[in-house]
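2 protein chains.
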Amino acid sequence: MYVILVYDMGKKRVSKMLKLCRGYLNWIQNSVFEGEITEVKLKELLSRAKLFMNTEQDSIIIFKSREERWLEKEIIGQEKNDLDTFL
Amino acid sequence: MYVILVYDMGKKRVSKMLKLCRGYLNWIQNSVFEGEITEVKLKELLSRAKLFMNTEQDSIIIFKSREERWLEKEIIGQEKNDLDTFL
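Each protein sequence line maps, in turn, to chains A and B.
Per the numbering used here, the very first residue in the first sequence carries number 25; after that it's consecutive.
Per the numbering used here, the very first residue in the second sequence carries number 25; after that it's consecutive.
Simulated from the structure, these hints should not be mistaken for lab results.
Treat the hints with care, as some may be off.
[Said to hold, decoys possible] Which residues of chain A face chain B? A partial, calculated answer using Cβ under 7 angstroms:
1. 32
2. 42
3. 49
4. 51
5. 53
6. 87
7. 89
8. 95
9. 99
10. 100
11. 102
None of the values given here were measured: they were computed from a predicted structure.
Positions of the beta carbon are idealized from the N, C-alpha and C atoms, including for glycine.
Given these sequences and hints, build the entire structure.
Laid out in structure tokens, this is it:
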């Protein structure tokens, strides 16, 4: 399935979350990732995030769509994921 | 249509963008909004954002879906939009 994942984490946990998500999805902006992922892999990502997230302060929101083509994406301004292909 | 809007703006422009988006969509996290909106209203929002955004630094990404039910939403941790009903 195709997902969009956005997180809001305390400063101390941001870089850990960024690194974790990079292993599963494509970074598209600040704290926003997207990509194809299986239910199993998504559960794994979330379990690992829960190990360090502060559930009273932090949040992760996931939008799931069975098909990517059901979502149209429009970007205004800078596309920030250019680096992603090199890292 | 149903949209998810995420923005990444320089500190000086964040509060302006937050206020602008609040007039059109529902705030769900940090710099993330969602909601039903018409094409015309979305264009209006973006035109107004372009007046103050720095297109070399800032970015706005919009995911559009014809139907909200095509997207399933999962939230882990804090739901931050509780206040939204009061503001």
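Results for each hint:
1. 32: Holds: closest Cβ of chain B sits about 4 angstroms from residue 32 (chain A), inside 7 angstroms.
2. 42: It is violated, given that the least Cβ distance between residue 42 (chain A) and chain B is near 13 angstroms, above 7 angstroms.
3. 49: Where the cut-off is 7 angstroms and the nearest Cβ of chain B is about 14 angstroms from residue 49 (chain A), the hint is violated.
4. 51: Check failed: Cβ of residue 51 (chain A) comes no nearer than 11 angstroms to chain B, outside 7 angstroms.
5. 53: With Cβ-Cβ at 5 angstroms, under 7 angstroms, it holds.
6. 87: Holds: closest Cβ of chain B sits about 5 angstroms from residue 87 (chain A), inside 7 angstroms.
7. 89: holds (5 angstroms)
8. 95: This interface hint holds because 5 angstroms falls under the 7 angstroms limit.
9. 99: holds (5 angstroms)
10. 100: holds (4 angstroms)
11. 102: Given a least distance of 4 angstroms, the restraint on residue 102 (chain A) holds.
When held up to the earlier numbered hints, the structure conflicts with 2, 3, 4 and fits the remainder.
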